[in-house]
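Position chain B relative to chain A; hints supplied.
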Amino acid sequence: MEHIRTPKVENVRLVDRVSSKKAVLGTLYLTATHVIFVENVPDARKETWILHSQISTIEKQATTATGCPLLIRCKNFQIIQLIIPQERDCHDVYISLTRLARPVKYEELYCFSFNPKLDKEEREQGWMLIDLSEEYKRMGLPNNYWQLSDVNRDYKVCDSYPTELYVPKSATAHIIVGSSKFRSRRRFPALSYYYKDNHASICRSSQPLSGFSARCLEDEQMLQAIRKANPGSDFIYVVDTRPKLNAMANRAAGKGYENEDNYSNIKFQFIGIENIHVMRNSLQKMLEVCELKSPSMSDFLWGLENSGWLRHIKAIMDAGIFIAKAVSEEGASVLVHCSDGWDRTAQVCSVASLLLDPHYRTLKGFMVLIEKDWISFGHKFNHRYGNLDGDPKEISPVIDQFIECVWQLMEQFPCAFEFNERFLIHIQHHIYSCQFGNFLCNSQKERRELKIQERTYSLWAHLWKNRADYLNPLFRADHSQNQGCLHLPVAPCNSMYKFWSGMYNRFEKGMQPRQSVTDYLMAVKEESQQLEEELEALEERLEKIQKVQLNHITVKSNKQSEPSKHSGFSTSDNSTANTPQDYSGNMKSFPSRSPSQGDEDSALILTQDNLKSSDPDLSVNSDQESGVEDLSCRSPSGGERAPSEDSGKDRDSDEAVFLTA
Amino acid sequence: MLGKGVVGGGGGTKAPKPSFVSYVRPEEIHTNEKEVTEKEVTLHLLPGEQLLCEASTVLKYVQEDSCQRGVYGRLVCTDFKIAFLGDDESALDNGETQFKNKVIGENDITLHCVDQIYGVFDEKKKSLFGQLKKYPEKLIIHCKDLRVFHFCLRYTKEEEVKRIVSGIIHHTQAPKLLKRLFLFSYATAAQNNTATDPKNHTVMFDTLKDWCWELERTKGNVKYKAVSVNEGYRISERLPAYFVVPIPLPEEDVQRFQGHGIPIWCWSCHNGSTLLKMSALPKEQDDGVLQIQKSFSDGIYKIIHRPPYEIVKTEDLSNNFISLQEIQTAYSKFKQLFLIDNSTEFWDTDIKWFSLLENSSWLDIIRRCLKKAIEIIECLEAQNMNILLLEENASDLCCLLSSLVQVMMDPHCRTKTGFQSLIQKEWVMGGHCFLDRCNHLRQSDKEEVPVFLLFLDCVWQLVHQHSPAFEFTETYLTVLSDSLYIPIFSTFFFNSPHQKDTNMHQRQLSLPLTQSKSSPKRGFFREETDHLIKNLLGKRISKLINSSDELQDNFREFYDSWHSKPTDYHGLLLPHIEGPEIKVWAQRYLRWIPEAQILGGGRVATMSKLLEMMEEVQSLQEKIDERHHSQEVLQAEAPCLLRNSARLSSLFPFALLQRHSSKPVLPTSGWKALGDEEDLAKREDEFVDLGDV
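Taken in order, these protein sequences are the chains called A and B.
Quick note: the first sequence uses numbering that gives the first Met the number 0, first residue 0, plus one each step.
Quick note: the second sequence uses numbering that gives the first Met the number 0, first residue 0, plus one each step.
Careful, some of the hints might be misleading.
What the hints assert, rightly or not - Listed below are the simulated BS3-like cross-link pairs for lysine-lysine, each with C-alpha atoms no more than 30 Å apart in a straight line:
hint, chain 1, residue 1, chain 2, residue 2
1, B, 332, A, 284
2, A, 21, B, 312
3, B, 156, B, 334
4, A, 524, B, 332
5, A, 284, B, 312
These are calculated hints, taken from the structure and not from any lab test.
Keep in mind the model is a prediction, meaning the values are calculated, not measured.
Same shape as in the complex, but just chain A (with noise of 0.2 Å):
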């Protein structure tokens, strides 16, 4: 592929960030995905893959006697550093991972010529996992105060919106094409969530374009129509999630917030979070502490407060539980926005449909809430987190955030969830990868212009079909406290949010000491499913002996259990792999499971198969099971290939791979 300089590099060392272990002597190879690192230790053959998709910066550090020393940060806050011992291939690297790490095409993406070699039906089916309009139906919806409009149709009112929006009944398509010109880009009011219990909804738009004195009669019936959709209040909220000088700032550009003189019975409410600017420096400021190599006590304390980072997890989470606490203690509906009413907006209404209704605490419910609240109402996914080269100021963590929040209720209610941390560290891990087509494009309307669905595979479907991964084994269904909202206190105070280790230094400590607990538990809960299971076929045993013995007749009894076990993936799953010669084509004859797992496991603490074998190495960079022990007893070959040929077979396969693309 034109981008690579050179496809591998020999005598590279990767350091060992954390620990003083020796750095390892291993080769490097770039294919037109992904950078590998393989160690030269010959019987374990350790690698480290990481896609193009996750760097976020290449650093070239001054040359020192042992070569040249190269620093790639990742998305998924890995941090690698490796050390060249040849300036100019050191160079070369750089210069080729700048621009790989940098894709200007959306086809460049990993997801088109990802294969998990599913066929077509099996893909299309993938995609239907989740339904957003299954969904609308579970909240109640059409009923008689809300419809689904078709005004959004091609989307000729508002380009990042979806075409299917539930809007108030009493909502014409002139007050609603009328409010959209009042509100900035287009984006009106339309709804998130319906409270079935009391009627109550949470609804989401951007700023009005008010300015000083300027006012919308349709959008002022617009807010109406919303009230009247709730015959058990007499007025509404209005949320401005901004703090109220930003939001004052953006009058004097024609833009800012309701005027509650104009609108009647609304109550007005700014809640202060941040934009996302202040958000990408204070996430820098903390990742700069978690760089530190063993930070002490102060080092630490000061640097998350420095940072300010909980405070902001903390404001989002706050105005979260002021809008569900307003939806399901006040029957009040709730309009929230902020400046587009993407980014903030999304992540307070997804915050509070969390808090009120068990359903989106479910591993199902969740994807549907990301679908809905994030990429249905046009989160610019390709913007925040830089899939395609752009301004860097875009650039910004937002969905992270709400996935922090997540963790941080988890961690306050861990039997309110159904899913697990690593759940969430794989969905984070894929928002950035591009392996999947879910968060690509910046709208609804450039995902179906680029056929996004046609041409790659969804990850819902993928953590669907490995859900036993992500299961949390304290959560019951029919537990009471997950029937209902969590109680959280009015403002939950800063003692409460903890430092998220588990997601920002995950590569720095290998296991994490709370998943191992988890991982005892579950280990728990699959003894008690056995022995369930024996019960039951012992009872059956049992009966058949009573009827036998009634019946003075003797039958062999064969009934034999057969425990259902979730075991991971067996190896003759990936018995069709590839062999370590053709590391490039993996993306084309990996099976499913391996090369998501590939990168994925990178990201992992322990699983359960880790835990069990009791494997040795757990430490930073091991990766994934399946690509090293399988790869490495699958070719005995392995440790002979000709380098020559290695190179030659990636250029073939990566032009193969674009061709089909």
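What follows is chain B alone, placed relative to chain A:
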């Protein structure tokens, strides 16, 4: 739920303000006063406990409410505790109090648990001590277990106020004589009341046999011997009657400097290397004496420097480690973060939470202790060296480090009885001055240093990080920390075994603790709670397994290499000591703060779910066993513990009665700066008040 005894202080009146004033109209008081006299609330006294003084019509504020509501009742002071008897106490005796502390009720404060007492005079808060000229209208009590009580004395008769306030101040703040400790009167009255529990195998280390047993268990008996030279405390009052020294050490050497300067055995590692401790020789000016001391030390060192003994490394804890002063200063700052008078104060500190935490440097001290322990372990384990801990009296940081090392290295110490035996061995027999360090007698503030608490906090970090490695849970540690201030158990109320024995023998008493060989936690909760305390994950603790193949002479490498391997919960256990991994022991410190409560959440939720699951497994197992034996024995359903776990709050089993008002309020605290109407009203009010003053 607060019943008739509650007075809606600010509720009815306009704009309640968060001050120390209560807005109760006189007529309300009158009606309540009647009810108080009608309703007789009984005070539960322990055997030997005596009522000293009391006051009625005291209003105890409900802390969680910013508007000043409260409960009327009697405030009493006995020779054991301060207690508040609310008028609606009986109403609270429902299922939720299933797990309550049997000795200390929700509104009981033992005299030793009192930390500071403040009085409020004209809305100004002043620390109270000594003789008072003027009596406060409000009493604030900060407890050592971090509870904060507010009592309003406005409606109490003046003489009663005088009596109760001066009584409380006297009995909690004034210096006390050892023999006036409540545990003596309790022991007299409750004699033979406690049954021995055969299941409890805590080793007390008060016999030669106990030490021999421990030597044998750790295979230390090859090079070390238990001695009885100090029987009857003939040689030293600081040393226990029996202890262990190197075999070649002549017994005369022990006598030479009353036990100072002698290596005393703490624990032996599986590879034979040993942890020793030594109290420093007295500091002398005289050259001649110094010469004698030197030759004595040289003689001692010759014994332990020679094979079969390993190379000795000395850790001078008096000079090269944290000072006791540092610990005390850090803890004083740290605890202030949790001794919160009102909600406003809480939110003010909450904003600066991490920097305040950092500023106290308590977490940093914990980290340094853990680090030092790992360093010592590295020497013992990887370098096969002996470590000699040297400290002035060998009874503070020596106790802390040697027990910390044992918890990390010896899985036996991670069982409940093992841990209790360890405390008995290193702390009680090691002569840690609990009496002085906890300032139980209020004789000198300077001696007060929470060394034992620091140890528990270090252990908590380990339990938090590696809970499957421990038989006990954090709840056990929290309850243990509370029992430091309950003068029923003798464990934590003496400076040395000598002091304990002499005081006990004189009176021919045996305290429940010693008699039953049980430790404070036994019988503290009702039986069922044992499930809560015993961690179900640390089932069997097997032999110490160790695989130390390529360990280098470097702490960092040792540490990294351990952490890069899967954890063997029955073997060596090292904590993570990176900054982010050292956490606040939330259960102990935040348990009384309603703002930090999560209804239906927290670790309690995990624990109860875990119990449910274990129960399920167990009952299934039982059913299967039944089937296998084809017996149709009907088994009674096992009682389900914590059935209503969903309703428990994260503060369970502490702070039982703190419940959130679930009224649909809009958050104000977080966005106070934005100023809603109510806030403005409050501000105005305060402004007017200031004008009046």
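Going through the hints against the structure:
Between the alpha carbons of residue 332(B) and residue 284(A) the distance comes to roughly 27 Å, so the proposed pair stays at or under 30 Å and holds. Restraint check for residue 21(A) and residue 312(B): the C-alpha separation of about 28 Å stays at or below 30 Å, so the hint holds. Of the supplied pair hints, the one linking residue 156(B) and residue 334(B) is violated, its CA atoms being roughly 34 Å apart against a limit of 30 Å. Of the pairs offered as hints, the one joining residue 524(A) and residue 332(B) is violated, with about 44 Å between alpha carbons and a cut-off of 30 Å exceeded.
Proximity of residue 284(A) to residue 312(B) is assessed by CA-CA distance (about 42 Å); at most 30 Å being required, the pair is judged violated.
Violated hints for the displayed structure, listed by number in ascending order: 3, 4 and 5.
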